[in-house]
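Participant: Chain residues, written in single-letter form:
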Amino acid sequence: MALPGNINTITVTGTFLTPAGAPASGTVTFTPSVSTLIDSAGHAILAAPVTATLNSSGVISEVLACTDNTTLTGAPFTYSVAVALNGQPASAYPGKSVPHTLGSSVNLATLLP
Amino acid sequence: MSLPGDIAVITLTGTYIDMVGNARTGSVTFTPSTPLLVDTSSSTMLGGLTVTVALNASGAFSVVLPCTSGLTPTGWSWNVVETVSGAAPRTYSIALPSTLGSTVDISTLTPLATPGTPSLYLLASQLGTASGPAQLNSSGYLPISEGGTGATTAAGALAALGVPSITTASVYTQRAFAV
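Just so you know, the protein sequences line up as chains A and B, in that order. The numbering of the first sequence is my numbering, which starts it at 1 and goes up by one. The numbering of the second sequence is my numbering, which starts it at 1 and goes up by one.
Bound-form chain B, shown alone (with noise of 0.2 Å):
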């Protein structure tokens, strides 16, 4: 059985050699980003099962792969992890439209980007709100308003928060801060 005929494929190629030209040996792997695929011409669903080529006598490999375009969902990459003789694994995502042609060669192929850490980021805007995020003070300090601890005075609001009598304490009034 193949591939329903309205599936893009793509010939994917590659060689891998030592330094001085010796054939490397060992295999690549390529396993689709998500657990399946749907061709909604034809309605077939592709496992995102791994496909394994072994590199040959010459240390070459070839595969016919799914195109990474006209399946859904779409945005989807071929996951790559190249485990040859005398280097170490090497794992990298690649895309392969219809629009690179019949057949590609490996080492032409541009890694896709690996996803940073998210950053997240608060607005300025909404520190000290009400219920919004309350900020330290240059000392490493959380400001407190008395009046949120329905004191009127610091050692009023030390007190209503449980705060063993100290002398050393800090005790901010920043309304903009609830607590």
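The following block holds chain A by itself, in its conformation from the complex (with noise of 0.2 Å):
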């Protein structure tokens, strides 16, 4: 089910490699800061964790809601990102913001580490 129309998203994107070049496989998961948030229209949305998973070449893209939503109450909020990448334990990068100014799509090598 998609988000309600009045809402903006951001398309993350990103390409994981392994020191040696070769794609590396794992998940990147986004975790919301708040655990509800309530559009204009008073849909209750459940900020649950999104997670995509790396494709053969080591690339995700995901939809996600912007974290500046004015039409949200709950916003501004943070994404933490967890990066599991070859079975390996999660790394966490708490306090990400992908508001609506960075355009349609941003690339998670820009916000991370």
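These are computed hints drawn from the structure, not numbers from a lab. These numbers were taken from a predicted model, which means no experiment stands behind them. One thing to keep in mind: the hints can contain errors.
[Said to hold, decoys possible] Label-pair restraints from in silico Cβ distances:
| id | chain 1 | residue 1 | chain 2 | residue 2 | range |
| --- | --- | --- | --- | --- | --- |
| 1 | B | Q126 | A | A22 | 51 to 59 Å |
| 2 | A | P23 | B | Q135 | 55 to 63 Å |
| 3 | B | N22 | A | T11 | 51 to 59 Å |
| 4 | A | T71 | B | A54 | 53 to 61 Å |
| 5 | B | Y92 | A | T73 | 51 to 59 Å |
| 6 | A | S35 | B | T29 | 35 to 43 Å |
[Stated by the list, open to error] Coverage of chain B stretches by chain A, computed from C-beta distances (three or more under 8 Å per stretch; other residues unrestricted):
| id | segment |
| --- | --- |
| 7 | 27 to 36 |
| 8 | 46 to 59 |
| 9 | 62 to 76 |
All C-beta atoms in this analysis are idealised placements derived from N, C-alpha and C, irrespective of residue type, glycine included.
Now that you have both chains on their own, put them together as the hints suggest.
Facilitator: In structure tokens form, the structure reads like this:
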């Protein structure tokens, strides 16, 4: 199910490689800093973690709610980004903002580490 | 797939032999000291994953590794673990800046210093200040201010602190030490 149309979204992309240059495998999980957001129509949006799985090229592309939606009660918020590669424990990078001012997409390489 | 062309790499080599010249067997692992490295030019992220190379029949290895300069965060290093026959595993860290050239032998590198246990210092000027650290006296007692207990005598201070009546307790009048 898609997010309500009055919510700004952004496509977060990223390419992960091993130090040898091979595509990495694993997941990237985005966990909002709030548990619930409410849009202007009164819809309660469960702000659950979103997990993106790296494809065979080590690439992710995930559409997320922008962290500065003025139509959302609970915003601004941030995402904690947890990167788990090649079966290794995840590394978490909290406090990441993806405001709509970044445009329609943003590469994680500009936000991490 | 290979690393983006703008990421500087270096070929690291090494040879392990015993005291009579026989090739040793084993492997060497290299792990970045940080879990994620970012190449801002190509917007590519490198996982801090372990690279393992096995020693060949001559006891040698050759591996291409990203240089420790040019990727963010700055200041990262390679953690090296040598697991070689006839010797206990050896662990240390190295820097591989691009200034070393296109290839370097591991025997020419100097392991980075291991950070020691940090020391905790107290400002002498803060000793005895309100809410500051207290100092034991030469007998190992904590000097107690009678005034700080609301008492005016040593016996009164003991009573205020709930110390049973004893005759050998030492109570020092040093108002610099707040209770």
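Participant: Please go over all the hints and tell whether each is borne out by the structure.
Facilitator: Going down the list of hints, with the structure as the test:
1. Separated by about 55 Å at the C-beta atoms, B:Q126 and A:A22 satisfy the suggested range of 51 to 59 Å.
2. For A:P23 and B:Q135, the Cβ-Cβ distance of about 60 Å falls inside the hinted range of 55 to 63 Å, so the restraint holds.
3. At about 57 Å, the CB distance of B:N22 to A:T11 agrees with the hint of 51 to 59 Å.
4. The hinted window of 53 to 61 Å between A:T71 and B:A54 holds, with their beta carbons roughly 57 Å apart.
5. Roughly 53 Å separates the CB atoms of B:Y92 and A:T73, a value that falls within the hinted 51 to 59 Å.
6. Distance hint check: the CB atoms of A:S35 and B:T29 are about 41 Å apart, consistent with the given range 35 to 43 Å.
7. Coverage of a stretch by a chain is defined here by at least three residues with a beta carbon nearer than 8 Å to that chain's beta carbons; for the segment 27 to 36 of chain B and chain A the count is 5, and the condition holds.
8. Coverage of the segment 46 to 59 of chain B by chain A holds [criterion: at least 3 residues with CB-CB distance below 8 Å; count 5].
9. Counting residues of the segment 62 to 76 of chain B whose C-beta sits closer than 8 Å to any C-beta of chain A gives 5, which meets the bar of three, so the coverage hint holds.
In the structure shown, no violation is registered for any of the earlier numbered hints.
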